[in-house]
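Just so you know, the sequences run in chain order A and B. Numbers 1 to 437, taken from this note's numbering, label the letters of the first sequence in order. Numbers 438 to 712, taken from this note's numbering, label the letters of the second sequence in order.
Do not rely on the hints blindly, as some may be mistaken.
Claimed, not checked - Below 35 angstroms or equal to it, Euclidean Cα-Cα: the simulated DSBU-like pairs (lysine-lysine) are:
| id | chain 1 | residue 1 | chain 2 | residue 2 |
| --- | --- | --- | --- | --- |
| 1 | A | 56 | B | 687 |
| 2 | B | 526 | A | 198 |
| 3 | B | 606 | A | 56 |
| 4 | B | 535 | B | 687 |
| 5 | B | 489 | B | 574 |
| 6 | A | 63 | B | 530 |
| 7 | B | 520 | A | 198 |
| 8 | B | 702 | A | 154 |
Since the hints were made in silico from the structure, they are not lab data.
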Amino acid sequence: MKLSSKNYNHKKKSNKHSPFSIFHSQLTERLARIALTLSGGITSLAILLIVIFLFKEGFGLFKSPAVEKGYALCVNASNNIEQLTSFQIKEIFDGEITQWKVENGELRMENEEDNSQFSTLNSPFLIELFHFEDIFSLYDEEEFGENYELLPEKLGEVITQNQGIIAYIPEEYLPTENPNVKILPSENISISDFFGGKEWLPTSTPSAQFGILPLIAGTLLVSIFAILIALPLGLGVAIYLSELASERIRKIMKPTIELLAGIPSVVYGFFGLVVIVPLIQKIFDIPVGETAFAGSLILAIMALPTIITVAEDSMRNTPRSMREASLALAATKWQTVYKVVIPYAASGISTAVVLGIGRAIGETMAVLMVTGNAAVIPHSLFQPVRTIPATIAAELGEAPAGGAHYQSLFLLGCILFLITMIISVTAEILSKRRVES
Amino acid sequence: MRTQILKATILAVMILAASVFEIQAQKIKGSDTMLPLSQKEAEAFMKKNPSKTVTVTGGGSGVGISALMEGTTDLAQLSRKIKFDEKKKLQEKGKTVKEVTVAYDALAVIVHPTNKVTNLTREQLEGIFTGKIKNWKEVGGADMAIVPYSRETSSGTYEFFKESVLNKKNYMPGIMSMPATGAIVQSISQTKGAIGYVGLAYLNKSVKAIHVSYDGGKTFVQPSIANAKNETYPIVRPLYYYYDTKSEAKVKAFIDFVLSAEGQKIVSEIGFIGK
Numbered sequence: 001m002k003l004s005s006k007n008y009n010h011k012k013k014s015n016k017h018s019p020f021s022i023f024h025s026q027l028t029e030r031l032a033r034i035a036l037t038l039s040g041g042i043t044s045l046a047i048l049l050i051v052i053f054l055f056k057e058g059f060g061l062f063k064s065p066a067v068e069k070g071y072a073l074c075v076n077a078s079n080n081i082e083q084l085t086s087f088q089i090k091e092i093f094d095g096e097i098t099q100w101k102v103e104n105g106e107l108r109m110e111n112e113e114d115n116s117q118f119s120t121l122n123s124p125f126l127i128e129l130f131h132f133e134d135i136f137s138l139y140d141e142e143e144f145g146e147n148y149e150l151l152p153e154k155l156g157e158v159i160t161q162n163q164g165i166i167a168y169i170p171e172e173y174l175p176t177e178n179p180n181v182k183i184l185p186s187e188n189i190s191i192s193d194f195f196g197g198k199e200w201l202p203t204s205t206p207s208a209q210f211g212i213l214p215l216i217a218g219t220l221l222v223s224i225f226a227i228l229i230a231l232p233l234g235l236g237v238a239i240y241l242s243e244l245a246s247e248r249i250r251k252i253m254k255p256t257i258e259l260l261a262g263i264p265s266v267v268y269g270f271f272g273l274v275v276i277v278p279l280i281q282k283i284f285d286i287p288v289g290e291t292a293f294a295g296s297l298i299l300a301i302m303a304l305p306t307i308i309t310v311a312e313d314s315m316r317n318t319p320r321s322m323r324e325a326s327l328a329l330a331a332t333k334w335q336t337v338y339k340v341v342i343p344y345a346a347s348g349i350s351t352a353v354v355l356g357i358g359r360a361i362g363e364t365m366a367v368l369m370v371t372g373n374a375a376v377i378p379h380s381l382f383q384p385v386r387t388i389p390a391t392i393a394a395e396l397g398e399a400p401a402g403g404a405h406y407q408s409l410f411l412l413g414c415i416l417f418l419i420t421m422i423i424s425v426t427a428e429i430l431s432k433r434r435v436e437s
Numbered sequence: 438m439r440t441q442i443l444k445a446t447i448l449a450v451m452i453l454a455a456s457v458f459e460i461q462a463q464k465i466k467g468s469d470t471m472l473p474l475s476q477k478e479a480e481a482f483m484k485k486n487p488s489k490t491v492t493v494t495g496g497g498s499g500v501g502i503s504a505l506m507e508g509t510t511d512l513a514q515l516s517r518k519i520k521f522d523e524k525k526k527l528q529e530k531g532k533t534v535k536e537v538t539v540a541y542d543a544l545a546v547i548v549h550p551t552n553k554v555t556n557l558t559r560e561q562l563e564g565i566f567t568g569k570i571k572n573w574k575e576v577g578g579a580d581m582a583i584v585p586y587s588r589e590t591s592s593g594t595y596e597f598f599k600e601s602v603l604n605k606k607n608y609m610p611g612i613m614s615m616p617a618t619g620a621i622v623q624s625i626s627q628t629k630g631a632i633g634y635v636g637l638a639y640l641n642k643s644v645k646a647i648h649v650s651y652d653g654g655k656t657f658v659q660p661s662i663a664n665a666k667n668e669t670y671p672i673v674r675p676l677y678y679y680y681d682t683k684s685e686a687k688v689k690a691f692i693d694f695v696l697s698a699e700g701q702k703i704v705s706e707i708g709f710i711g712k
């Protein structure tokens, strides 16, 4: 309105000073066009940059060493171990593997020992764990010299004295000159460990475990069940509102449902933790109420308003003539809904589904509060799970920038992005095919 | 119109200048555990010295130390000791930090109020939280699955419990991890087989505190401020402030206040243990 009145003013003036005004209005038009093009361009560029940033940060993970950056593992030179996998390191430092059973430079895992020939093994000896900080309890602070220049020497002494030792020390204090010390080579975090690993222990030292299988499984389980609950319910309500409800009921119900979309997700999460979780625990008689099922229920409630509103709008957009044509052909009301309204609104409904799934997969806070966040691969709906968004939200604050943990969280973000992209592209293709047919 | 814009600009410049030259303002950042303490201390301190302002934000111990590294905070509050590599990084940036212990915090192990088990040794706790002990009957309770709750990895409490109770071993994979201490108390109060750990200040009637033994079951000590103070209760950690020695003049007044009798009174009001 303002713009048009301005134009009008220009036109009025143009009667008096026409050449300047015409130039002026042309200029504004051109400027407006440039501004609009620019805003479109900038938006796409921003999105592109975010995606590039996400992937760049994420893929740095596979260049990070499996043992924490700046640290190395040392053993006594008499130990003929040559290499340890990231998982073995974790098991050793957790006290799960207690003996050096070395074969061909590799450590034998406990569960393999049954079918192995013991004769080929060197006589096993006990593993002795040594953390870097332990050195400060063995020697006095003064013995390390002013700038810790004697520290490597002392570390070397300790490693020489203990045959079964495995020491975890910073690279700059490595006793490299001591012939009795063997430094284990450090590998990078492998892609198979990341995508195939079953343990998510990102802050475990010396070797953090980044197995994302439980996280992906948890995310998919929670979201899929949320959609399975929300979709029939949402479409049902949408059909009711657009086809069956009287104008008065619709006028009350629709704003009420839309109001649900405005409730902050933390509030949903809190409601879930205090009300739904104990309820589930009681009804199903399980030890814990914080389960994937609780997450699905909360997400379903949260996705409902989006699904209902978008689907209902698109159904109501079915032209009156089409409905009447169908009724005129003696179709019942239900047949009209099923054969005319829903196919006509298919693309709108699929948008509703994509938006609903997007909300479910990306939702963080509510899920963080009700699913228990246990990083295990779930075998049923009634087990605690940990989702990708909850993991990112809970851990990014403390992950040191640029470190392996930080990069692994970015990579999780990439995976989340890919999942949602695949879903929306599939929905797009499906709805197009339906319209064509 | 034009004069209005001019006025607004002048005002904005003045505000900006005021904030730039406000040398009395100081920032504290770090551990969420210490957040209520620092906030209360800051309020009392500002009431006493109206010309000074102290702003306190949380985020976790690690966040505090990296803010100190980047110079975006004057004081870092940590619920754990500074790590060796953090100290090294600070040194690389040409900063030497000073450490001040302001209070102590005791961690209580809590269970559902109906749980029969009252005494646990450190070894039993280690077994429970690493997943070796799975049923309450193994530690003298009812035949019921144990559901251990933990804090998220970003928490200093998580690290401290791991170091002190689990002997640096990892928590069992698939432990329930909650984003906040309040959520742990809530979950444990409504889950029969639950066990978890919280700061002493969070203990209330909806959960039951376990008596802990660090000497293999000879003496079991109840978590309380008195027992933490006389050093019989074992799961106690110091709470620290760290600051750059160069900005000592700026933060000295506040730290002195916290360590004064008045400041230490606030410490015990919050539920921590004074020095």
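*asked:* Let me make sure I understand: some of the numbered hints might not hold for this structure. Which ones are they, in numerical order?
replied: 1, 5 and 8
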